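Could you build all of it, start to finish, from the sequences and the hints given here?
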Amino acid sequence: GQQVMQIPQYQHVQEGEDFTTYCNSSTTLSNIQWYKQRPGGHPVFLIQLVKSGEVKKQKRLTFQFGEAKKNSSLHITATQTTDVGTYFCAGPNNNDMRFGAGTRLTVKP
Amino acid sequence: SQTIHQWPATLVQPVGSPLSLECTVEGTSNPNLYWYRQAAGRGLQLLFYSVGIGQISSEVPQNLSASRPQDRQFILSSKKLLLSDSGFYLCAWRMGRGSPLHFGNGTRLTVT
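Top line first, the protein sequences correspond to chains A and B.
Following the numbering used here, the residues of the first sequence are numbered contiguously, the last one being 109.
Following the numbering used here, the residues of the second sequence are numbered contiguously, the last one being 112.
I should point out that these hints are in silico values taken from the structure, not numbers from a laboratory.
All clues given are correct.
In silico negatives: residues of chain B with every beta carbon more than 10 Å from chain A:
| # | residue |
| --- | --- |
| 1 | 1 |
| 2 | 13 |
| 3 | 14 |
| 4 | 53 |
| 5 | 70 |
| 6 | 78 |
| 7 | 83 |
| 8 | 87 |
| 9 | 112 |
To be clear about the criterion: a stretch of chain A counts as covered by chain B if any three or more of its residues have a C-beta under 8 Å from a C-beta of chain B, and this derived list gives those stretches:
| # | region |
| --- | --- |
| 10 | 25 to 33 |
| 11 | 39 to 46 |
| 12 | 82 to 95 |
| 13 | 98 to 108 |
Computed from a predicted model, the values in this text were never measured in an experiment.
For each residue, glycine too, the CB sits at the ideal point set by N, CA and C.
Written out as structure tokens, the structure is:
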């Protein structure tokens, strides 16, 4: 079945540095979703990308969907301590969503 | 607005004991419902999903089961817990394909 791979597993940055997490699918995706899970919390939906080559921005966060709709990335510019958490990508698989393993971001003030 | 309730928040159970986790959704009808499990520091593993009352799809064969007795109620059960059942259990709902998942606050289960 559809698998979603996400790298890196961990990323530790100094506050103010940029951060990027990458997601790759073994199959073409109709859409891809991104979620953030704060430490001790539950995943919260951030955004959905649908179109080939789509780029969406939310303040310091930039989301991209590859031309082939098999990969995606999340880039955070000038990280802040509030960005700490695990970022997950998820791709559809029939009636459910398959999640990547997540990238845990820690930010040193 | 829609809300999802999941309880209990934490649970400590001995090996071999039964389990029942409940999840309810308010403010919507005929949602798709999901149970995920997350091991400490790991990703989300889909356990069960349901697209309607009495319809359960299982992703991972194990000693867990799920039921959907009502449209907006999803229950995760086990007759006998194993140590490996410890984890963070998350219930989620969405309106259908292409819509985002909305998660409950989760239940932290420790099997001792």
